[in-house]
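Enquirer: Now for the letters of each chain:
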Amino acid sequence: MTERPLPATPAPVSDPEEVKSCCATAYGSDAVALLLGDSYHPGGLTLTRRLADALALTAGSRVLDVACGPGTTARLLALEHDARVDGVDLGATTLEAARAATATVGLSDRVRFLHGDAERLPAPDAAYDALVCECALCTFPDKPAAAAEFARVLRPGGRVGITDVTVADGGLPDELAGIAGWVACVADALPADAYAELLRAAGLRVLRVAAHDGALVRMIDRIDARIRLLAMASPARMAEAGVDADAVAPYLSAARRAAAAGDIGYALLVAERPGRG
Amino acid sequence: MADRARDRGEVFVEYTKSVCPVCKVVVDAQVNIRDNKVYLRKRCKEHGWFEALVYGDAQLYTDSTRFNKPGTLPLAFQTEVKDGCPSDCGLCPEHKQHACLGIIEVNTGCNLDCPICFADSGHQPDGYSITREQCARMLDTFVEAEGEPEVVMFSGGEPTIHKDILTFVEMATDRPIKIVNINTNGIRLATDRRFVAALAALNGRGGTTVNVYLQFDGFDEATHRAIRGGDLRERKRRALGNCAEAGLTVTLVAAVERDLNDHELGDIIEFGIDHPAVHAVTFQPVTHSGRHVEFAPLTRLTNSDVMEMITEQRPDWFRPGDFVPVPCCFPTCRSVTYLLVDRKADRTDVVPLPRLVDVDDYLDYVSNRVLPDPGLRASLERLWSASAFMNAPDTMEGLAAATADAECAACGIDLPRAAKDLGDKVFMIVVQDFLDPYTLNVKQLMKCCVEEITPDGRIIPFCAYNSVGYREQVRARMSGVEVADVVPNARPLADVTVASPYGSRIARTERAPEQDDEPGVAPDHTNVGRRAVEEP
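Chains U and A, in that order, give the protein sequences. Its first residue numbered 1, the first sequence is counted upward by one per residue in the working numbering. Its first residue numbered 278, the second sequence is counted upward by one per residue in the working numbering.
If you're looking for bench data, these hints aren't it; they were derived computationally from the structure. From a predicted model like this one, the values you see are computed outputs, not experimental measurements. A few of these clues could be false.
[Stated by the list, open to error] From the structure, some residues in chain A lie toward chain U, with a derived Cβ separation under 10 Å:
#: 1; residue: D635
#: 2; residue: K702
#: 3; residue: K724
Built from N, CA and C at the ideal position, the CB exists for glycine as well.
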């Protein structure tokens, strides 16, 4: 799969393997980086901190960050919770950038990055005290397999923290169908309860399900703001990355309307692997 | 049937001190939240209960507490702690912040007699003007306290009618002062182009930026008549034209009164964005000190009301959260945003900077987290400060750094040049609610960073100066004419006040003259000098 500029006319993606690598490629591409910035997921560092606070971390805790992106969360967990963190991602370029950024701040001894797939995590059983997965579970084609992997790599008593895009029970509103082609997470997102059910089915005990819909609205605003800033400051760069501000605007408006109507949202879930650690 | 215990209809959130708006005696005060609004209530033994709205959105008020930066010690204090806040101004060693901005009032006279004027100025024969020697002393006091002061604002009265005003500005540029502002009604700027040119010639002298702070309340004739007593629209237009021609940067300053000009906020911003001389707008809910129109304390305008109205009046441009509290002073006193402006043929787009950078993460001083980029905090601190002024080098560097960071974080490429070029596309909006004798909260006063510099060498928080009795004290000493304490023109006080010679309100019955040498400012009734419990 080659890089897909946003928002190119969506091509339907049917093969699960293709979705995964496409999603990883899309997140590794310039256009996505351009629009979303360092902290790719809704809620930014604030929500990440809230998630981290719910994981019962102690100094030296071993944490796995699934779909770690450029490693912002992994470094935050190391700095603020004194954790030892492994980040896993499918995008080779993203991992290189993550390693470089981590070396720059002198955290390479505590934060490592591994190439790997959420449905086949490169880790032994019960290896981690905690696991985080931000705005990514929705993109995994085989969600039950991913949830089972989460449970497998956690030690008994270990916690998993998830933030993700949610949709209302009725599914995605029609006017967002157009976005679904290029933002896979929206296409494959579930209601918050369905995520909880996935975790339960994997043998995890769900401790918390909380709505953070405002985070999604702010994310949409941020993308909008970045597009306009770039159109102002470096229009050539925008064209190079294949982003047309006027073409994106209607999608953003539709997304904002859907968020206001409660058709899409954002949720934080915390679950625990039963048993004593 | 037995009476059932009932809950109080409010949440008690703060215990503090304030003053009686009638007699200026220091009294205990409490801050309560009702119906998502924040009120300050207090009781004077002699004059009874007083209550005023201090913030229109309780959620924002409580959320803002984390935007509270540790204060900086000034190099020198001018007074000692004796009776406690607010009677020892100032600055006394218990003050929690240095002065970001020092105001020098050069006179009490003015070429207007506005119905709204916190300084109670006008065509008055019995006021005062400072001399060059006094100005020098005031500037030196400020330099002694600050080393390299950020901002001096010349005010009045009307500073441009002082015969020595250009000399005063020159004297400021001789000292290590970064920014000088002239706070003016604009009449002389409109009518005397040589004066404008002379002022512009001082801009940049000795590395000091000279800016104009232009009173500008709106576009309706009714607004001008109600706030300024006449139609000044043409004069404002000419003043701005002359400033643009001379290359002077202007901040528009609107005094906003409820139901009077609060519908014009969006228009003022849009006008400012379009005018070549204007780079910022400051909205100030009318300070109910000095002279003003009658108001209702429980429904007065507050910062959150102004921010809400801005959002309502320009929904395409603004959303809640676009303004961020300023952490150098108390965070409920001032909120600021910066807009990146994109003028297109058919429309103007703006991007509020807080949507690009997580300003609130970086200016959170309470949770004390490790910051991903400490340099960005330093840049944002320069922008979210009472000493930030457009076109001053510090502010512009902060903007370039913060914007470049937003861009680099986004695309991983080096864009500092693009960010620098954004300079003339950036527009600043400030919302500032000053304390008045009704709303005065000693908690806020103690961390105030906007100060009046007095001719006798004190540095007094602006809101203490206007609310507690210092203004009256300084004017009386400087002019030799007795000045009665000004009382707010509040509806509930209509029966206990009469008009002063300057058009403000004063207490109907003067207190019995005290026999001491001087009664002092704000005698304290919160500490009565007794045991808490009487001895048996």
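Enquirer: Against each hint, give a clear statement of whether it holds in the structure.
Expert: Evaluated hints:
1. For D635/A, the interface hint holds, the least distance from its beta-carbon to any beta-carbon of chain U being 6 Å, beneath 10 Å.
2. Interface restraint check for K702/A: the shortest CB-CB distance to chain U comes to about 7 Å, inside 10 Å, so the restraint holds.
3. Because the smallest distance between the Cβ of K724/A and any Cβ of chain U comes to about 25 Å, over 10 Å, the interface hint for this residue is violated.
The structure does not agree with numbered hint 3 stated previously, though it agrees with all others.
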